[in-house]
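Go ahead and model the full structure; you've got the sequences and the hints to work with.
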Amino acid sequence: MLNHYKVPVAVLSKGGKKMLQDLDMFKQFSDRITVGTTLTFLEEKKSKEWEPFASTPSERLETLKILHENGIKTFASFEPTIEPEESLKFIKKTLELGLC
298 MLNHYKVPVA VLSKGGKKML QDLDMFKQFS DRITVGTTLT FLEEKKSKEW
348 EPFASTPSER LETLKILHEN GIKTFASFEP TIEPEESLKF IKKTLELGLC
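Quick note on the working numbering: the sequence shown kicks off at 298 and runs consecutively.
Since the hints were made in silico from the structure, they are not lab data. Some hints here could point you the wrong way.
As the list claims (entries may be wrong) - Calculated cross-link-like contacts (lysine-lysine; reagent style DSSO-like; alpha-carbon spacing at most 27 Å): (1) Lys-343 / Lys-315; (2) Lys-303 / Lys-362; (3) Lys-362 / Lys-311; (4) Lys-315 / Lys-390.
As the list claims (entries may be wrong) - Taking CB as the label site, the calculated pair distances span: (5) Asp-321 / Lys-342: 33 to 41 Å; (6) Ile-388 / Lys-345: 19 to 27 Å; (7) His-301 / Glu-380: 26 to 34 Å; (8) Glu-346 / Asn-367: 26 to 34 Å; (9) Glu-341 / Leu-309: 14 to 22 Å; (10) Met-298 / Phe-372: 36 to 44 Å; (11) Met-298 / Ile-379: 31 to 39 Å; (12) Lys-342 / Glu-393: 34 to 42 Å; (13) Lys-303 / Pro-381: 35 to 43 Å; (14) Thr-335 / Tyr-302: 24 to 32 Å; (15) Asp-321 / Glu-382: 35 to 43 Å; (16) Val-304 / His-365: 21 to 29 Å.
Since this is a predicted model, take the numbers as computed values, not measurements. Don't be surprised by glycine CBs; every beta carbon is placed ideally from N, CA and C.
Structure below.
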């Protein structure tokens with residue numbers, strides 16, 4: 298329905314590669330969709346401590362890369378900011394990879 302009525306959509310997930318099962322649907326939205334992930338810790342051990350059921354940071358970055366390579370606009374949400382240094386490391390990493 299959202300696509301039918303040309304409604305812009307933003308999707309935010311911690312699901313990593315699980316989001317890729319919807320890649321074909323994302324493509325149907327063309328430039329009206331932006332898909333992102335929440336990034337909290339670059340260090341995977343810290344990430345698992347705070348978000349035990351979420352995908353690893355590396356999987357989330359890989360997912361953003363795959364989405365980006367498939368023409369999907371991507372973004373990262375750096376939250377919650379528990380250790381500001383980690384968020385800054387993540388911002389630098391996503392910019393270096395050209396994902397956002």
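(message) Given a hint of 19 to 27 Å, does the C-beta separation of Ile-388 and Lys-345 actually sit inside it?
(response) holds, 21 Å
(request) May I ask you to test the hint 26 to 34 Å on the CB atoms belonging to His-301 and Glu-380? (result) violated, 43 Å
(request) Confirm or reject the claim that Thr-335 and Tyr-302 have a C-beta distance inside 24 to 32 Å. (result) Because 27 Å falls inside the window, the suggested range holds.
(message) Given the hinted pair Lys-315 and Lys-390, is their Cα-Cα distance within 27 Å?
(response) holds, 22 Å
(request) Take a quick look at whether Lys-343 and Lys-315 sit within 27 Å of each other, Cα to Cα. (result) Judged against 27 Å, a Cα distance of about 21 Å means the pair holds.
(message) 14 to 22 Å was suggested as the range; check whether the CB atoms of Glu-341 and Leu-309 agree with it.
(response) holds, 20 Å
(request) Look at the Cβ atoms of Val-304 and His-365 and judge whether their distance stays inside 21 to 29 Å. (result) holds, 22 Å
(request) Kindly confirm whether 31 to 39 Å is satisfied by the beta carbon distance between Met-298 and Ile-379. (result) holds, 37 Å
(request) Look at the Cβ atoms of Lys-342 and Glu-393 and judge whether their distance stays inside 34 to 42 Å. (result) violated, 22 Å
(message) Against the range 36 to 44 Å, how does the distance between the Cβ atoms of Met-298 and Phe-372 compare: consistent or not?
(response) violated, 23 Å
(request) May I ask you to test the hint 35 to 43 Å on the CB atoms belonging to Lys-303 and Pro-381? (result) The hinted range 35 to 43 Å holds for Lys-303 and Pro-381, with Cβ atoms some 39 Å apart.
(request) Look at the Cβ atoms of Glu-346 and Asn-367 and judge whether their distance stays inside 26 to 34 Å. (result) 32 Å Cβ-Cβ, so the 26 to 34 Å window holds.
Checked against the numbered hints listed earlier, the structure breaks hints 7, 10, 12; every other hint is satisfied.
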